[in-house]
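Colleague: If you read the sequences in order, they're chains A and B.
Taken in order, the first sequence gives residues 1 to 300; the numbers are from the working numbering.
Taken in order, the second sequence gives residues 1 to 332; the numbers are from the working numbering.
Treat the hints with caution; some may be incorrect.
To be verified - In silico DSS-like links for lysine-lysine, alpha-carbon gap of 27 Å or less: (1) A:181 - B:123; (2) A:263 - B:119; (3) B:119 - B:230; (4) B:230 - B:123; (5) B:230 - A:204; (6) A:204 - A:181.
Since the hints were derived computationally from the structure, they do not count as laboratory data.
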Amino acid sequence: MSTTLTPTTPPAPTGPGGLREIDAHTRGRKRRSLIARYVLTAGMVIALIPLLMIIWTVASNGVGALGWSFFTEIEPPARREGGGYLNGIVGTVYMVSIASLLAIPLGIMAAIYLVEFGHGWLARIIRFFTDVMTGVPSVFVGLFVYAALVRQFRFGTIMGAIGLAIMMLPIVVRSSEEMLKLVPDDMRFASFGLGARRWQTVQKVVLPMAGPGITTGAMLAVARAAGETAVLLLTALGSLQVVTALSGVAQSSITLLIYDGAKQPFDPGKERAWAGALVLMGFVLLLTITARYISSRARR
Amino acid sequence: MSQTSSEAPGALRVTGKARFGDAFFRIIAYSAGLSVLVVLGLMIGTTTRDALPVFEYQGLWSFFTSDEWRAGFSRTEFTGEYGAFSFIYGTLVTSLLAVVIAVPFAIAISLYINRIAPKRLAKPLAYTVELLAAVPSVVFGLWGLLYFGPTYVRPVMELLNSTLAPIPLVGILFEGPIFTTSYFTAGVVLAIMILPIITAITREVTAQVAEDQVQAAYGMGATDWEVMRKVILRGAFPGIVGGTMLGLGRALGETIAVAMLVGGSQRWGLSLFFGGDSMAGHIANTFQDAAPETVLALIAIGVGLFVITVIVNVAARALVWRIGRVAGDAAL
């Protein structure tokens with residue numbers, strides 16, 4: 001915005017030294033910027049490759065051994081063809097169900113404490129240590145359950161479930177807490193104003209509003225538990241049979257069978273491991289995507 | 001309770017059972033909240049109790065610095081030698097390698113998604129990267145062991161070996177012989193595994209750099225790259241470090257995939273292509289055959305691992321705390 005009084009003729013737009021001319025330095029900067037764009041785009045593309053590659057490899061290798069019998073028969077000796085992962089599937093469903101029953105209600109209650117009652121130092125400490133717990137190595141959780149319980153009560157379904165529950169707990173607490181915090185305080189005050197008590201408010205107003213979000217968190221926790229191996233290695237140990245006993249007998253899981261199948265040298269066993277990976281990954285990805293879908297719909 | 005006049009305070013209070021509803025509810029919620037602390041406390045207490053005799057037997061210093069690990073077979077006393085340095089080295093070298101590989105990609109993805117990608121693509125792309133976090137670790141292990149390691153990582157190792165090994169000093173890291181399952185293989189797969197968590201945080205913090213600063217930089221004639229480098233990356237730097245540490249914590253504790261890919265030799269070597277072992281990996285690999293005294297020694301490794309990961313995690317949280325606790329599912 002030049003409002004100078006002295007009239008000056010603008011330099012001619014053409015020719016060397018004109019305004020339109022871009023000097024070498026600027027051209028270099030522009031070029032660098034362009035190169036950076038390409039490099040960043042390339043980085044993005046390269047980062048997408050592993051996911052696609054995993055999905056593709058697992059699907060193409062796993063589909064061969066996948067059939068009806070995969071879900072109805074137990075794992076035969078590794079060098080024999082056919083058979084399936086029934087023992088692992090039963091174990092995983094069994095243990096993840098019990099772990100969910102343990103961890104999800106407890107985690108949601110803990111989150112309710114943090115949001116509805118927790119204003120002091122104790123809540124801050126709990127919040128902090130929940131964060132710490134999300135970072136605890138899974139093998140350490142397994143060692144703990146082994147040291148505290150398994151040595152006395154033997155390997156078994158319930159031990160695996162407890163280990164999985166400990167892995168799930170911080171995930172449920174944190175995600176539920178975030179969702180409960182999103183419920184506007186006005187809703188709570190309105191509920192109080194109508195004469196509702198704290199527990200009625202939570203039960204009838206807060207939880208229904210946060211419901212989809214909490215479901216999302218719980219589903220992610222279930223997905224995490226279903227894919228967990230290290231904890232189970234130290235608590236459930238693995239089994240060649242279908243185990244229905246709650247405790248006292250070592251239990252199998254899909255992940256443990258994949259782990260063993262990958263390490264042994266025979267091809268039929270490896271093929272079943274790929275098929276197991278396909279089933280497990282399909283389940284976990286489906287759960288994760290559904291969870292995302294629910295939360296994105298609820299947010300709208 | 002006797003009937004009081006309606007003007008008296010508390011007249012609206014319900015009598016009978018309902019009165020205790022809130023108190024009861026409060027106690028339940030309170031104990032649920034405490035349960036997290038109790039579980040964590042028990043975890044630390046029980047494992048430390050089991051690990052102490054090992055530290056006493058071997059000596060704390062020697063446990064962490066000696067590389068002589070000879071599992072004993074006794075049920076009642078200690079007979080083996082328990083120097084965990086080989087595993088500590090393996091854990092550190094694989095995790096650092098993973099971070100070194102993953103962080104540049106995480107930054108590139110964040111900048112691409114936030115500043116370059118068409119608006120329609122940004123969300124799906126971010127989501128796809130985060131989906132990687134959902135893939136179970138044993139699937140990464142299987143994939144790395146039977147497919148990715150032998151077909152892709154091995155040729156890369158051979159290439160690095162032939163080009164970089166002759167260089168003095170640095171060359172030591174790339175010396176042969178090459179093992180298909182090695183620190184390097186484990187590190188590369190770990191990098192893929194921790195990419196989503198680092199990306200989730202860096203994406204969040206780069207998106208939060210104030211838009212007026214960005215516009216101001218453009219106004220002064222900065223190019224896209226200059227804005228990214230000098231405004232966005234500089235502003236987001238603490239958060240990026242925090243995200244990196246969070247990824248490092250995850251890498252240090254990762255068990256099954258590393259156990260399958262790192263080699264499992266109980267020794268260590270300076271070369272990245274050496275098939276060594278990591279702390280978590282060694283526990284998973286040998287636990288099933290371990291005699292009672294060795295189990296205690298494995299628990300001692302677990303305690304050491306726990307201490308390292310907690311330190312890294314707490315440092316990470318301290319850095320990311322200000323920026324906000326949640327950055328997508330991947331960070332959970």
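Colleague: Of the hints given before, which are not true for this structure?
Modeller: Hints 2 and 5 are the ones this structure does not satisfy, whereas the remaining hints hold.
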